[in-house]
Structure formats: structure tokens, C-alpha cells
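Just so you know, the sequences run in chain order A and B. Residues in the first sequence are numbered from 0 upward in steps of one, following numbering that gives the first Met the number 0. Residues in the second sequence are numbered from 0 upward in steps of one, following numbering that gives the first Met the number 0.
Mixed in with the good hints there might be a few duds.
Example chain B residues on the side facing chain A (calculated, C-beta under 8 Å, incomplete) [what the hints assert, rightly or not]:
(1) G65
(2) I85
(3) S93
(4) D112
Hints in this document: simulated from the structure, not taken from any laboratory. Remember, predicted model here, so these are calculated numbers, not experimental data. The C-beta atom is built at its ideal place from N, Cα and C for all residues, glycine as well.
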Amino acid sequence: MSDARQAVQAVAARELVTVARSRAALVLFVAVTLAVVAVALTGSSDPRYLPTTVDLLLPLEVLVPAVAVALGYRTIAADVRRGELDVLETYPVSTRGYVAGVFLGRLTALVVILGIPLALVGVVLAVTSTDTPSVLAAQRGVDSPLVFVRFAVLTLLYALVVLAMALAASALARSRRSALVLAIVVLGFVVVGLDLLVIRGFAGGFVGSDRLTAVLALSPTSAYRGLVFETVISTAIDTDLRQAVPLFNVLGLLLWTGLSFGVTTVALSSR
Amino acid sequence: MTEQLTHQTEPGTVDGGVLVADDLSRQFGSVTVIDGLSLGLEAGELHALVGPNGSGKTTLLQLLAGIDSPTAGAVRYEGPAAPRKIGYLPQRPSFRPGFTARETLEFYTALVDTDPEGLLDRVGLADAADRRVDELSGGMVRLLGLAQATVGDPPVILLDEPGSGLDPGMRRRMAELGRELAADGAAVLYSSHDLELVEAHSDRVFVVDGGSIVDRGAPDSLRGAYGVETLWDAFEAAVDSSGDLDVIGVSDS
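One chain only, chain B, in its complex shape (with noise of 0.2 Å):
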């Protein structure tokens, strides 16, 4: 794990790292959904992206990978040359029916020139690789979306809410994917509401509220920060003191 953010980081400010949101806006007509956000994600890092529903979580995943344009602010890409800089899982992962997961996959990897061998393996799809995307369930679709991601060894990984849906099991799969990831040297963000796996994977935490970061950091130095005992308690008293209290559509399941 590299070097951990101390809580004591301003909500606002840019961090360094491969890719860097600077005073990101984003505006739907009079609504502001991303209001002035900045964060950076470092490489070999698991950084989790928590917050209410319509917080903002996946608006931000969305201009963080380059598929909206913020109203005011920027996002650039510090990492190294790659075919693919960005890879992105979408909150519902869905797939050309008719084609088998290899298939699908072999697509994607002509896209950028790579071989895709090894791919299913990855995420445990190796069995299901002559299964046609829409026979496959759900939690393998989410998967066959992760490998999709990592086409390409993008140096920065964005998943949105990779484990909604799936079971616990199949859930903390996605959860030490992620980490492996990280460990082979990707910048890693996901968003997730089960707050028990984001303390127990993430090395870094953004708590988003009102399209802000109303706090960000270890888990560790988050909870030392609030005084209590879970991730649970400091994402409540973050989200709390941000004056902007909406966590009922939060569980921790």
C-alpha cells in the first residue's frame, strides 16, 4: 500500500496523481450536480468514491473518464503513454447480445491491439468464455464489464459501483479485484454504498455530498478524525457536517 492521505487534506483541494479533477463543475440545465470538486487518484492505489444516491458519484466517475464534459474545471491525465489511459466499468454493463464473452472481449482487445488471453481468467469468467453475454447472469456480465475495463492495462481503472447487485461472495471478489489491480500498479476508483468493503479494500476514501467532497482519506485517519469505530460512523458524521444531511438512500449492506 502506498503512502496514505491524512485526513487533514482540504475538501477541495487537487491532490497529485495520474489523473486529476481541478474545480470540476457539472450543470443540468439550473441543476448543479458536480459543484466545484477536486481530487487526484494515485497509482497502485484502491480509492472508493462514497456518497448519498444522486450525490453525484456517477456523474463524477462519468467526467472523470472522459465520456461527459464538465461545465467549468478540467480533468487531466498525468500518467504514462498508453493505448488505453482510461478504463471504465458502467454502473449497468451491457453488451452486443449474440456474441459469446470472448467474442466480446476479442473486440474490445482489436480495439486497441492487445492480446485477449488472460482477461477471462482474471475476473473467473474462464469457464463462461464460450457463453453467449446474454445468457450469462448478472454478476457475471459485472465481471465480464471488469475485464472489459482492464482492456489495455489503462494505467487509471474507474468502476462504477462494481458489486451492486451481486451477492456478498461475488461482491468481495470485485472488491480484492480491485486491489489486485492496484497492486499491478493502476490508479483504481470505484464507488460503492457497502462501506464494510470499502474500509476493508480502500486505501483512500472520497465522501461526496452535494456534488462536493465533504471529506477524503484513509479509512484509518477517517475514523480517527470523527473518533468512532466504523466507516460507517464517519461517512454519518461526515455527510452530517457537511450540512447537506441526505444518507437515506445509503445502506451498509
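With the rest of the complex left out, here is chain A (with noise of 0.2 Å):
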């Protein structure tokens, strides 16, 4: 094994079991499983994988962003603060690969938090749906496990893109008092801020109806929201409506993936 990758990987260890050891992470995992088995149980009477997709969509639309930032705000911030990114400048470990480290470490406990819930409720409904088809079918109308696997994917996806900016802003925080604020600046962001930035530019006729789907993937949530509805959604439920392009929302994601990893790797670089 390379040393690069060794380092990465030693540093993705060491995130890993400081979240698999912190008493807030757990509490974080038991509260995200009982919201999320909570809103697929009580949120339809209909034990089916669509419209618990569908139940799921608007909570985890603001609990997938909180946790993410939650487990991210402050660990870059934290190493800053105790002198041992200092120390670690003395290792053959670039910025890089501390970065990626540590966001792997905390991507990978991040999954965990949000993966058994989600392939909880997954179980749940395979044992409880009383018209699931016994093969994976994905054409359009038939309610099938591989909406719900695609959504889980998806809800995965988001949380990534949210953790980069969560490490961003931790990467810029000089204090244990400025990560909290970044970190609720991010996630008021994410949740609401683009979104409102862009209805009011869409009232404003600054957005044009013809762009707004374009304009849309911009926003994390939105390009997330507009992602689930094209490619789970509408799959089992025959509609002509657009509301998102996917490849626009691919491309939205992962402009603010790459932002967010630049932003992290200048600011401790130029510390």
C-alpha cells in the first residue's frame, strides 16, 4: 500500500472510531432511526415502497442535512484548535489526504447513521407490502424494493454533498464558536436559503420559467428533491411532468462537492 494511502486510511480510522465512540453520535443514530421508522409507519397507510419514498422525501430533506453537519461541523476545527494539524505537517500526510480522510472516516459513519434506518424501514416493507412483486421491476406503475433502494442511494448522495460543506466550514472556523455558527449558516443554507434565494429570483423574473429546472439543480435539496422525483418517482407513476433534468442536478451536486473540498483544502493550506 502506498504511504499516501495508508495515510489516508489512517486518518479515515481515527475519524471513524472517534464518532463510533462518541455517546452524541449515538444518540444522533437512535433519534434519525426512530424518526425515520417513525415517518414510514405513521406517514401512509399504505405499506407500499412509493409512497413511503414519497412520505420520506420532505423529512429527510431537513434531517439528512443536520445530521451530516452535526458529525462534520466541527472535527477539522477541532484538530486546528488542539495544535494537530500543526503536528500532522511533520507527517508525509498532504492537505489532501487529510481532507480525504477525514472525509471518508465521517462518510462512512455517516452511511451507518442513515443506512440501517433506511434499510430498516426497506425491511420493514418487504415484510409488510402485500403487493411487492417478486421480481426487481422498474418499469412505469409497478411499485417495486428498487424505488426504495434508488432513494436510499440518492438520500446517500445528499448527505455526502452535505458533509463536504459541513467539512468546509469547518475547515474555515477559527473557533469552537465560529464552527457552530458556520455550521448553522451551512445548514440554513442548504435547507432553505438556496431554495428561497431562488423562488424569490423566479418572483423577481430574474429566473425565467425555462431555466428554473436548471437554476434549480443548483441547490443542493432541490437538485436532491428533483433527482428523487425523476429517477424514483416518476418511474412508478406514469406523468409527462418534468421537474427536474437529472443530469443538471448530477452536475449541482457535484459542483458543490467540488467547491466545498476546494474551499476545504485552500483553507488549511493557507492557515
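Hints are included, so try docking the two chains, each in its own frame, into the full complex.
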């Protein structure tokens, strides 16, 4: 194994162990599990994949950024404050390697915290759903486990993007308080801020209806929502209404991820 | 002990060595913290950095460690190829809470693909290996920091006030560990206000004031040059003669 890869792995393992030993992370996991299962079980009287996906979409638009920000907002800032980043400068670990390690470690924890509740709901649906097809059908009008799997994958993708943004905020923070403030800013920005900007632009005539789907792709939450509509819900419901252009939405999410990594790396390099 | 430098070395000249600072300057805005400073660290020697508070010791160590970048001048590593060239102990070492001393060192050793075994033993923390770092005393954290600074057997080891805040016994232990590291071939530089320990253990002393080295040499030669009995007196004389007198912050304890 190369030195760089080994260093990334060591940093990632440390992040994962940190989260695994954190009581706050355990509480977060239990809370997310309870919330997701409760919404899935009480949100609809119809225990099928598609209605449950629709029920979960809006709560997860808020829950996912909250969990991702909670997991990521302090980690780099704390390493800087403790002087551990100074010490790491004397090791063969590049800034990019450190950022990659922190991201991979926290992402693994995030996938567990969000993935297990979603998997649990999937299992419950598989057991309770009365008309689950024996084949993983993807054609229009057919409710299937594939619908829910796609939804779960997109949810984790959304979490990945917000985690990258939270790490960027953490790298920019200069104190514990500023880390918290920046985390709240990121959360507000992701959950409502960008969408409100788009709505204001649309209402003010700055964004035309012909460009609305493209502009919405620039908001991580709208991009996620659009992808769920286009690649999950639309596959099961026969409709000609286009909610989003999936390519734009994927590019929007990639843009925020790349931008966040760039900000994180530059912020740490120019300390 | 290797050959001692004579006192006649001119402040500002570059010595040879495994780590060389050449005409180093560091400014923060309009404040010059390091001003055209040059020095070299020799393998197998224990070097001490002494100077009043605010004289630029910590900044100099950070520049030498590559943590900070100089405004002018350069730091050159001239030592052997090594996975980790420079080890560094910050003034206030701190580690991620929730991990034991052993796990902390396992993390750092994994970064350079070496074995953590023996590191805790060397600094006398073997019995505390399974204690969490947030449960260690200040002295133990500093010892763990010293163990961290030696991970990967770096040819250059920089220690920022390793004895600060420790009891006399622990301070002596720190100095002895520095001595042992130098005996193993490393070039060790540590900053200290404890001139008695510096006098007893160091091969070479750099006296820093106002961001410059105002004198340098073996403790014996520094004493001889000023015709005084102790390194403390030589230090006072060196700082006095630099014309930038500020020894209020320096204690001899």
C-alpha cells in the first residue's frame, strides 16, 4: 500500500473510531432511526415502497443536512484548535490526504447512521407490503424494492454533498463558536436558503420558467428532490410532468462537492 | 558529544548540519518576529534555544518544522532520506480525546508505517498505555507528545519548551530523553527557560533576542566568553549586549 493511501486510511479510521465512541453520535443514530421509522410507519396507511418514499422525502430534506452537519462541523476545527494539524504537517500526509481521510471516515459513519434506518424501513416494507412483486421491476406503474433502493442511494448522495460542505465550514472556522455559527449557516443555506433565493429570483423575474429546473439544480436540496422525483417517483407514476433534468441535478451536486473540497483544502493550506 | 562550536561563531552566519536556516525572517503585518536569523543543527547534538518571552523561539521552531513559512530566507533539510524528516513537539501538546495513549501513538505510527512498540516505554509511559489521553496529567501528555515527536525516528527533533509546567524531576527526565535522542544520532533542538538544565545537558546553546541569535556556542564557551560563572550570567550578558534588553519574562527556575 502506498504511503499516501495508508495515511488516508489511518486518518479515516481515526475519524470513524471517534464517531463510534461518541455518545452524541449514538444519540443521533437512535434519534434518526426513530424518526425515519416513525415517519415510514405512520406517514401512510399504505405500506408500499413508493408511498413511503414520498412520505420520507420531505423529512429527510431536513434530517439529512442536520445529521451531516452535526457529524462534520467540528472535526477539522477541533484538530486545528488542538494543534494536531500543526503536528501532522511534520508527517508525510498532504492536506488533500488529510481532507480525504476525514471525509471518508465521517462519510462511513454517516452512511451507517442514515443507511441502517433506511434499510430497516426497507425490510419492514418487504415484510409488510402485500403486493411486492417477486421481480425487481422498474417499469412505470410498478412499485418495487428498486424504487426504495434508488431513493436510499440518492439520500446518501445528498448526505455526502452536505458533509463536504460541513467540512468546508469546519476548515474555515477559527474557534469552537465560529464552527457552530458556520454550521448553522450551512444548515440554513442548504435546507431553505438556496431554495428561497431561487423562489425570490423566480418571483422577481430574474429566473424565467424555462430556466427554473436548471437553476433549481444549483440548490443541493432541490437537486436531491428533483433526482428523487425524476428517477424514483416518476418511474412508478406515469406522468409527463418534468420536475428536473437529472443531468443538471447531478452536476449541481458535484459542483457543491468539488467546491467544498476546494474551500477545505485552500483554507487548510493557507492557515 | 561531538565537537563543540566555539563562541566566535558570528551571529547570523550559517552553520552546517542536517537542518539549516538561512537568513530567516518572519513578519506578522508590520511586526518582525524573526529577523535574518541563521543557524544549523548538527546530528547527534542536543541544542538549546533560550531567550526572553516573546523573543521568537516558538515562531523559529515552527519555521524550522515547516509548519509556518518564512517571509524571507529558507530552511534546508540536509539530512538522510527518512519517512519523517522532522519531529515536533508543540508548546501545548494536545491529542484527540477518547483515545488511549497507545491508540494515539498507533495513529501517528500508522502515518509513517512504523511500529509503536517501545515508544511509550522510552518516555516512561508504558504503564499508562491504556489510559485515555484526557485522563493523563499535564506531564504525561507532554511525555506522550515527546513520544509522538520521535515517531518514525526523524533525524531532526524540535521540542518547544518540553519541560514547561513540569516538576523538577519530570523536567530532568525530559532533558535526559533529549540527551538520549541526540546520542542515538538525532539533531535535537529544544527551547527552555531552565538555564540550569540547559547548562547541564546541552551541547550548544542559541541565545535569541528580538528575533535574532545574539550569541551561540557550547555552555562552557559562552561562560568563558563573558568571563562569568553560570550560563544564566552569560545569558544576561548576551542579551544585554544585544541592546535589546528584555529579560523580565525569563526565570531561572
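We went through each hint and held it up to the structure:
1. G65: 6 Å, holds
2. I85: 5 Å, holds
3. S93: Holds. Min distance 4 Å.
4. D112: Holds. Min distance 6 Å.
Checked against the numbered hints above, the structure violates none of them.
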